[in-house]
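**Q** Letter by letter, the chains look like this.
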Amino acid sequence: MSTKTNSSMSLAKPDSQTLSKTQKIAVALGIVGLFIMALTLFNVDFPNKPLFLSLSLGLITAGTIMFSNNAYLTKQAGIKNDGVWFKSIASRGLWGWALGIVLTLFYIVLYFKAEWLGLAADGGANGGLVALFDPLSRLLNGGPASQWFVYGTLYTVAILVFGYKFMLKYRHNRYEQLRTISVMFFQLAFAFLIPEFMARLNSETFSLPYYDLKNIWPLNFYNFDKYRVDSMIEAGDIGLAFLIFGIVSIFVISPILTYKYGKRWYCSWVCGCGGLAETAGDPFRHLSDKSQFAWKVERWVVHSVVVFVTLMTTAVIYSYLGNDSSKYWLTKDVFLLGVAGLLTVVFALVMLFKRKELAKDAQYGAIGYFVIIMVLIGMHYFSGTKNVFLVDTYFLKSSYGFLIGAIFSGVIGVGFYPIFGNRVWCRFGCPMAAMLGFQQRLFSKFRITTNGGQCISCGNCSTYCEMGIDVRAYAQKGENIVRSSCVGCGICAAVCPRGVLKLENDSMNGRINSNDILLGNDVDLMDLVNQK
Amino acid sequence: MEHIVIIGNGISGITAARHIRKLSDKKITIISAETEHFFSRTALMYIYMGHMKYEHTKPYEDSFWKKNRIDLKFGLVTAINTEHKSLQLENNENMQYDKLIVATGSISNKFGWKGQDLKSVIGLYSKQDLDQLEAIAPNNEVCQRAVVVGGGLIGIELAEMLHTRKIPVTFLVREERFWDGVLPRGDADMLGRHILSHGIDLRLNSNLSEITSDAHGNANGVIIAETGETISCNLVGLTAGVSPNIGLIKSTAIETDRGVLVNRYLETNVKDVYAIGDCAQQREPIGNRKPIEAVWYTGRMMGEALAQTICGNRMAYNPGHWFNSAKFFDIEYQTYGWVFATPKKGYAHFHWKHDDGQKCITIEYQEASNIFLGINTFGIRMRHEVFDRWLTEQRTTDYVIKNLKEANFDPEFYKTFEEEINNAYKYQFKMAYR
Ligand SMILES: Cc1cc2nc3c(=O)[nH]c(=O)nc-3n(C[C@H](O)[C@H](O)[C@H](O)COP(=O)(O)OP(=O)(O)OC[C@H]3O[C@@H](n4cnc5c(N)ncnc54)[C@H](O)[C@@H]3O)c2cc1C
Ligand code: SF4
Ligand code: SF4
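So the protein lines, in turn, are chains A and B. For the record, in the first sequence the residue sitting at position 341 is 341 according to UniProt numbering, with numbers rising by one throughout. For the record, in the second sequence the residue sitting at position 237 is 237 according to UniProt numbering, with numbers rising by one throughout.
Careful, some of the hints might be misleading.
Just a few of them, taken from the derived set where beta-carbon distance is under 8 Å, the chain A residues facing chain B [as the list claims (entries may be wrong)]:
#: 1; residue: Leu51
#: 2; residue: Gly83
#: 3; residue: Lys360
#: 4; residue: Gln363
#: 5; residue: Ser507
#: 6; residue: Met508
Pairs of lysine to aspartate or glutamate, EDC-like flavour, derived with a Cα cap of 20 Å [to be verified]:
#: 7; chain 1: B; residue 1: Lys85; chain 2: B; residue 2: Glu61
#: 8; chain 1: A; residue 1: Lys87; chain 2: A; residue 2: Asp361
#: 9; chain 1: B; residue 1: Lys67; chain 2: A; residue 2: Glu234
#: 10; chain 1: A; residue 1: Lys80; chain 2: B; residue 2: Glu385
#: 11; chain 1: B; residue 1: Lys22; chain 2: A; residue 2: Asp289
Here chain A is said to cover these stretches of chain B; the calculated rule only asks that three of the stretch's residues, wherever they fall, bring their Cβ under 8 Å from a Cβ of chain A [said to hold, decoys possible]:
#: 12; stretch: 66–80
#: 13; stretch: 147–157
#: 14; stretch: 302–311
#: 15; stretch: 330–342
#: 16; stretch: 394–401
In case anyone wonders, no lab produced these hints; they're calculated from the structure. Keep in mind the model is a prediction, meaning the values are calculated, not measured. Using N, Cα and C, we set each Cβ at its ideal position, and we do this for glycine too.
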């Protein structure tokens, strides 16, 4: 579908979509909360940090709650998209760009200039914003705050308060409510509190790396780095359990859950990136690009990231394994052959059993990538070059961390919410999503069922699909939606005014149906046309 | 190469063109004076409400047409010469055709009310109507009250649209209940309450007498026939139904009545001229269907059937079981099979409603045999495929009620009401057989 829209940069609104008085007060409270934080950046040193930190976070929370209550509880439950395209902030207007730029700058500073936020140089005391969070950090993990602690706290607060807002917005929809509670829980407990408490357990003799248990490789692409693996092994049974859990979650837990429920079990029920996108990012979901061209770009970029992360992780693990099989069975060679073998098995199974379900370019892509990886492994194996995959492991890893880990997932992924929509990272950059999506498309019970001939082609579903899926293109043909990128947020089904879409898990048979003529027609005609 | 010309780029004309392209290599031209590209008329309301931009309502990317070699012509057809098989366009351009498909859609009804042609009196049918609405009623300062005349599907959409811009709406409905020519009493009553709960000034049993004008020829009020009351307003929406847009056809050899008359093959009386969609009128009615069916799905289905005929596989328009859907503010509505406002002789209704005033169902069935005729469902989504099958299998209402779960299409984790409905059904029958 076409998405070229004429966004007005005007601040005047075409209608009365202005904020109510209560909403204005709520916004003011939130801004005061943010202002307190901003002051610390100008070296205002608050005397009572716990008080001011609480005040700041409290005001932001109170403001959001007040705003949401006024925006949604004053109206009857139902779809709340009135005026979305008239709001400057939600339609790439002036406020949208302003917010995008502020967020982007914040991420750049966070990743590359943390000292500007007040992060202490070695050994010194924190200043500025980071120092403001010291009391909370001490309370949770016993140590001073880092820029990542500040970020983690703000991230969690954002998911919690905007999660509350989202739940009010969809208070008529239990699916939306439950999955929002779920992401709020996983963010608070697994991503935030548990790792901080775990850090408390660390001592001279016992140390676990920071581990957010719900993060699965390749999302936590660093999980099998030498220092992490070493410290997990050294931490004895618990550490080993973590290591094993990390591997089991990739090869066992995730495939089973994805088979049963589709990738949504992770992307919109558990994941933190998804969590932020679905809560704080919800007001921007309609900004995703639905063009065929964007879909093409998406497929190439996201699968390239998968290849990149696979090569990188393989190289990293390879680099620290030994050569002597009498010391430890997992040597460089065994590992490399193992990786090659595993990839070959997956590739062969897909090509043998599922080729029909892949589009032409997907087949070419799969073959191309497979050949490249195999050639690289082969070259290394037979020529004995020092660096696996031709380039230096360190270089591979640092460029992945920079390009994908920082620029893509942070700066573009979140900073550009108001420009490209809330799931840019999930759609174009996340290797985890790509791998789960691959399975979802080929081997899962999940689909979005289309309700016979009821679609009126209105376009609400496509417009509000944050993954840029042109849902209508399927619905108006009576075809089920089985797309690898679908994160199962359920919003397309919610906004459909005709009750056409339903997310469900059912048998694999007939999951992908392609119709030329829809239900409601003469049965003979349907048979005639659809059988061809 | 045979040249197929289609007048009208709505759902019916577009569907015909797409399917002709799938089946053949013929040259296809679509002419429209409304918009350059096909858009979804049913989504007009969402543009004004700010849910979507006009661009989002286009079901195909602009490049689609060229890629599929479907020529688009933006312009008004002013005359048809069936003898020479040619059309004349606004700018006097001529176009030859080998086969002509008339898919000109509808126009809004006007019943000769005094003042109906004043400025700031609009219908809601075309993109132009929407642009006009945007100009007259951008917000509640420029438009301090609007009056919507005619209690049907488009009327309630217009009321909801204006409501989202906080413009007070008076909604004149001629009947005793909202849409009660179609809906049974229980359903219509529930909707009436829902409309009121949104703060719409719903006036039942109210006919429009005349529209008054200010010095500049703008409507500034309406007078209600029954009470003589004048309601001052800045916008009058006339939404008392639509009728076939056949002004162009009337002066040709093509036979018309209220619409363009067609047989079951969608052929008119003139060879190589066909009519589909809102503008077509069936010579012989099909089942319980009206001879003119102004809904989205039937336009699409006619397009699909006609494409077969045009490509050499002569095929009658033969729709399956009736279905439809709509949304009234927050309440979704679907219907499968037939439920009439008052049951036909020998038929009866079973009605269940939920306490929250947002959900209800009505089932029509044959009393003697208990055979299920159709269902109206409000606030609960149901599966088309399942009801279509049950209707074909001529299931009894007992069976339908017992298996209602199978037809549920609500999102996962939603509260279900099958048990409650089942109990209500049993109770009604126990009372009936006492
Ligand atoms: C606001 C609204 C909401 C609706 N909602 C629903 C709904 O929810 N469900 C449903 O089933 N139906 C709905 N309908 C009805 C549905 O939209 C119509 O039945 C359907 O669009 C008719 O399609 P069509 O192809 O017959 O004609 P149209 O879509 O009307 O297309 C006809 C086209 O032909 C053009 N044309 C006519 N004469 C000429 C000429 N001389 N030269 C050039 N061009 C010409 C017109 O400008 C128009 O663009 C709704 C209608 C409206 C107005
Ligand atoms: S297709 Fe629907 S459920 Fe899937 S991501 Fe898009 S909006 Fe969400
Ligand atoms: S599936 Fe629903 S929302 Fe999507 S185009 Fe069809 S009617 Fe509209």
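**Q** Next, verify each hint and record whether it holds.
**A** These are the hints, each one checked on the structure:
Because the closest C-beta pair between A:Leu51 and chain B is about 41 Å apart, greater than 8 Å, the hint is violated. Interface hint status for A:Gly83: upheld, as the beta-carbon distance to the closest one in chain B is roughly 4 Å, under 8 Å. A cut of 8 Å between beta carbons decides the hint on A:Lys360: the least distance to chain B is about 16 Å, and the hint is violated. Annotation: interface hint on A:Gln363 violated; nearest CB of chain B at approximately 22 Å, more than 8 Å.
Restraint check, A:Ser507 versus chain B: the minimum CB separation of about 15 Å is more than 8 Å; hint violated. Here the hint on A:Met508 is broken, as its CB sits about 18 Å from the closest CB of chain B, past 8 Å. Between B:Lys85 and B:Glu61 the alpha-carbon distance is near 32 Å, which puts this suggested pair outside the 20 Å criterion. For the hint pairing A:Lys87 with A:Asp361, the CA-to-CA distance comes to about 39 Å; that exceeds 20 Å, so the pair is violated.
Taking the CA atoms of B:Lys67 and A:Glu234, the gap is near 62 Å; set against the 20 Å cutoff, the hint is violated. For the suggested pair A:Lys80 and B:Glu385, the alpha carbons sit about 29 Å apart, so the restraint of at most 20 Å is broken. A hinted pair counts as satisfied when its Cα atoms are at most 20 Å apart, and B:Lys22 with A:Asp289 does not qualify at roughly 28 Å. Only residues whose beta carbon comes within less than 8 Å of a beta carbon in chain A count, and the stretch 66–80 of chain B has 0; fewer than three means the coverage is violated.
For a cut-off of 8 Å, the count of residues in the stretch 147–157 of chain B with a CB near a CB of chain A stands at 0, and the three-residue condition is violated. A count of 3 residues in the stretch 302–311 of chain B with a Cβ less than 8 Å from any Cβ of chain A is obtained; the coverage claim is therefore met, three being the minimum. Chain A is given as covering the stretch 330–342 of chain B, and this holds because 3 residues of the stretch bring a CB closer than 8 Å to a CB of that chain, at least three being needed. With 0 residues having a Cβ less than 8 Å from any Cβ of chain A, the stretch 394–401 of chain B misses the three-residue criterion, and the hint is violated.
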